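Q: Residue numbers (this note's numbering), protein chains in the order written: chain H, 1 to 114; chain C, 1 to 109.
It is worth saying that the hints were derived from the structure and are not from the lab. Hints may contain errors.
To be verified - As a list, the in silico DSBU-like pairs of lysine-lysine whose alpha-carbon atoms are at most 35 Å apart:
hint, chain 1, residue 1, chain 2, residue 2
1, C, K57, H, K7
2, C, K68, H, K7
3, C, K59, H, K7
4, C, K101, H, K65
5, H, K7, C, K101
6, H, K7, C, K79
Note that this is a predicted model, so its numbers are computed, not measured.
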Amino acid sequence: SAVISQKPSRDICQRGTSLTIQCQVDSQVTMMFWYRQQPGQSLTLIATANQGSEATYESGFVIDKFPISRPNLTFSTLTVSNMSPEDSSIYLCSVATGTYNEQFFGPGTRLTVL
Amino acid sequence: EDQVTQSPEALRLQEGESSSLNCSYTVSGLRGLFWYRQDPGKGPEFLFTLYSAGEEKEKERLKATLTKKESFLHITAPKPEDSATYLCAVRGSGYALNFGKGTSLLVTP
């Protein structure tokens, strides 16, 4: 398994500002994922982040809004830019281990945009 | 396009009352069906991965089964601490997971 931590655990932000969420893993992993879980909804994949390459974004998500960094095999950041109340959500970091047959999630970052 | 549908949306059980949660899926080339438990305010906790029809996995009071079209999560003699949202997800051709909306389970004493 993998132990994943996220910072911050929660934040309240003003409209138009940006927030960077950090994800730290206790072991080296090739693939990291960022998901969003909106109130009452399930998890939706934002992007896949591989070390040494540009993140791959899902339909409906763009790099200008959700820039991602992956500087090494244990760390990644997701920035939510120019926030609006519609960005209020839980943002989750996930990693796939071994042969990608197990995927583990961090505790999430609960973001509220006023 | 991969689709995952979970039912029921919510389920209330008495302690000790066994039941099953359903996860129906359509995916091109299933590479894994995943079950997670999610407690309020926390990230999903990995439970099982199933790969082929007929496969079963167990963990304490939980047993997951898989057919070509659906998966069941059987809960035997549940306890109040089993109360949580249970999420089903599939992995198709990529590495990321496609999730259902979950079943919210409440077990009362």
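Q: Now tell me if each hint is right for this structure.
A: Hints, one by one, checked against the model:
1. C/K57 x H/K7: Distance of about 34 Å is within 35 Å: holds.
2. C/K68 x H/K7: violated (40 Å)
3. C/K59 x H/K7: holds (31 Å)
4. C/K101 x H/K65: Since the Cα atoms of C/K101 and H/K65 sit roughly 25 Å apart, the hinted pair holds (cutoff 35 Å).
5. H/K7 x C/K101: holds (25 Å)
6. H/K7 x C/K79: Distance of about 33 Å is within 35 Å: holds.
Checked against the numbered hints given earlier, this structure breaks only hint 2.
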